[in-house]
Each structure stands twice: as C-alpha cells, then as structure tokens.
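**Q** As a plain string of letters, each chain reads:
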Amino acid sequence: MTAPCPTDFALEAYLLARGHTPTSGHIQHCERCQARLARMEEEGNEFRQSVYPATIDAVLASRARRSWPWLKPALWLVPAVGLAASVLLVVRDPHPLADYIGVKGGSVELSTFTNDTGAARALSDGSTVSSNAKLRFKFRTDHACSLWIISVDASGEVSRVFPEAGSAGATVSGAQELAGGALLDGKSGPERLFAICGTGRLRFEEIAKAAHAAIPPGESSVRRQRTIGGLPPGTLQTTLLLEKGTPDRQ
Amino acid sequence: MTPDQQQVAQLYRRVGPTIYRRCLRILKSRAAAQDATQEVFLKILKSPHHFRADEALLPTLYQTATHHCLNVMRDAARRQKKHLDLAFAPDVSTDSFPERQLTQQILSRFDVETQAIAVGVFVDGMEQAELAGALGVSSKTVSRKLTRFLTNARKFIHRSEP
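Chains as they are written, first to last, in our numbering: chain A, 6 to 255; chain B, 489 to 650.
Any given hint could turn out to be false.
What the hints assert, rightly or not - Simulated DEER-style distance windows between Cβ atoms:
#, chain 1, residue 1, chain 2, residue 2, range
1, A, L188, B, K516, 51 to 57 Å
2, B, A564, A, R229, 55 to 61 Å
3, A, T251, B, A617, 15 to 21 Å
4, A, P9, B, S535, 29 to 35 Å
5, A, P58, B, A564, 22 to 28 Å
6, B, A564, A, E47, 23 to 29 Å
7, B, S626, A, P9, 53 to 59 Å
What the hints assert, rightly or not - Covered stretches of chain A, going by a simulated chain B footprint (3 or more residues, C-beta under 8 Å):
#, stretch
8, 8-22
9, 36-49
10, 63-69
No lab work stands behind these hints, which were simulated from the structure alone. Built from N, CA and C at the ideal position, the CB exists for glycine as well.
Kindly generate the complete structure, drawing on both the sequences and the hints.
**A** Dropping the structure here:
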C-alpha cells in the first residue's frame, strides 16, 4: 500500500531539518511531493529575494523598540550547574549574514553567550570578556556533521572545548544548543574559538596538530589567523575571537 | 548591525520562508502575506521559543502564523461582509465535502483556536495527532474542539435552512 503524501506541515519539517525526517523516504520517490517541495522552495526564494529585503529594516526597528524581552525567559535554558544567573547567548560569526567558511552548499554558525557582566549577552568577534567567563554555545549546520569546538590562546595552547569527552566529535544537525559550555582559564589576552565540523571521523589530535601549524604562539597570530588549514576536504569551520580581560570575582 | 540585530536577521532569514509560505497559503495574496510574515515573526521574537532549534520551532511558527492570518482574514471578511475564502487541501476526502462547506461558511463564528483546528483538518488535510503537535495542544483538545465545531456548525446550518 502506498503511503499517503505528507502534509505541508510535514514538508516544512523536512525543509527545516534539511531532509532528515521520517517522510524523507516517501518524498524522495514521490514526484508529486517533489513538485510541492519545488513550489515551496520557490516561495522561500521569493521571501529571500523580495520579502526579506523589504521588511528587515522594519523588523529590526520594531525589535529595537523592545528591550530584549526574550532574555529573561530564556534564562531557564541554561543548566543550573553553577550558573546562578545566567546567560544568554549568542553567537556569532565574524561576517554578518555571510558568516561562514566552508564548501559550496554548506555553512555552519556558532553563537556564543556569556553573563560575565551580570547581564546576558551575545558575543561578537573581538568581544572583551572577563578572563574567567562562562560561555554557552549554540551551533547550526546545513548538513549533519561531526563537531569539535576548540580554542587557541596566545601561548599556542590548543584546548578542547566541545565535546568534553570521547575520541570523536559530536554528531550535530540543524540548529541546537550544545550541552555543557566552557569556562575560560583566567588568563588575560586573546583567545580564538574554532567550531570545526567534518563529515568523516576527525580526531582531536588531528585538529590540534593542524591548529598548531596554522597559529604559532603570539597574540598577533591568534588575532590574525581566522582559519585552520590542512583539514580534510569538506570540513566546515567558523571562528570567534575573544579578548580576555581581568577575571571577575566569583 | 549590533550582535542582537545580526542574530534576529539570521533567524528571520532562516524561518521567514516557513512563515511566508504559511501566510501565503492562508491569505492567498503576496502583499498580505508579506505584511503578515513580519508581524508573525515579531510575535515569535516575543516568545522564548525562538531560541529553539529551527525544527523544534516549527509548531510555534505554524501556530502563530495560522492564528495571525486567520485573524487577518476574519477582520477582512467582516469589513467586506463575506465568508472566509479558504482553499482546501487536495488530499481531503471528497466524503467530507459537506464539512468543507460548513467550514467555509461559518469558520469566522468560532474562536481562533477552533478555527485553527478546523483549518488544519479541512484545509491542510492534517491528521488530528499531527495537528495537535503542530498547535501545541493535546489530541483530546483537537478532537473535542473539532466535534464541537461540527456540532455547532450543523446547528447553524440547520437554523439557516428555510
């Protein structure tokens, strides 16, 4: 018996999850569903090409009239582990709206949040944070991949940030908040985070070796070097520079 | 752009197409869908749900867009003194055609949640369980409101008959 075609709602889920839904099998073999998806993609392009440019200014202006009303409700999202007050977010890739480095057809975004000044805030490239700030991350990828987040400081030390354990990266797809977080080491100076997502089994040792080769010790090289070369083809990466100041009293 | 603005703009680019398609489907007017899309997005920004992953955000997008666009249609219908003009999903069985007619004629007489349930079933062709997930309500609520909708709709039609 032929399964019924999914509803528009299910097709939206398919588009948002980039094909990773229970209806994927049906859709791939159903001409009618593929035609529906093509129409939906066309309407999506219509949004990106005409609706978005025509309305984004009004959206941002309206948003600016509000004072981040979602920050407080979002606080509960942060695990209570040691984070009494908390943070929020963000993340950001250095190049707004084109903020990814990767192969054609793929992109990744890393958002980083902290509350080191007592109020939740999103961090942008070059943000100054306390040297012992706690960070939270949200990550988004167009395609499922194996994620590592590492950091490199001025001494040339490469540290593992996420996942905290295991010999392989964490498999991620779509957008998600990352469990755990990071606590900076208390030393002042620049520190650069890299989110690296590959399709193969990439070990931390390989990434650390590539990072050492790309970023020699020194503050200027940490600030200047935005990519790590020598990684397997198809590996996506994005980066965020943090300037660590003095530590906060805990 | 500030970091907050960048984050908002990125979220808008990601989920805007979903909102726009939903609004286009209900309102059937590109201009009306464009206006509704930004208004729906601003409503979603007021909610902590927008912090979720895109897939997890889908029910919120669907629910908010459906409610908003039904309200837009209802207001327009009132101004023009005519019934809501809805297109039905091709998968909805022809056996339910009388219910389709009922839906078309009296939808605007019900609260927005009942409207959304009726639209989900008769316009979008969704099963009750899927619709419950999309609207963030229980299957029991969907069933109860749908039954009440049909009962009251039939009463209304019966009273309207000469």
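**Q** With reference to the structure, classify each hint as holding or not holding.
**A** The hints, checked one at a time:
1. A:L188 <-> B:K516: 51 to 57 Å: With Cβ atoms ~53 Å apart, the hint holds.
2. B:A564 <-> A:R229: 55 to 61 Å: 57 Å, holds
3. A:T251 <-> B:A617: 15 to 21 Å: 55 Å, violated
4. A:P9 <-> B:S535: 29 to 35 Å: Because 32 Å falls inside the window, the suggested range holds.
5. A:P58 <-> B:A564: 22 to 28 Å: Holds - the Cβ-Cβ distance for P58 (chain A) and A564 (chain B), about 26 Å, lies within 22 to 28 Å.
6. B:A564 <-> A:E47: 23 to 29 Å: 26 Å, holds
7. B:S626 <-> A:P9: 53 to 59 Å: At 23 Å between Cβs, range violated.
8. 8-22: holds (count 11)
9. 36-49: Since three or more residues must qualify, the claim that chain B covers the stretch 36-49 of chain A holds, with 3 doing so at under 8 Å.
10. 63-69: holds (count 6)
Violated hints for the displayed structure, listed by number in ascending order: 3 and 7.
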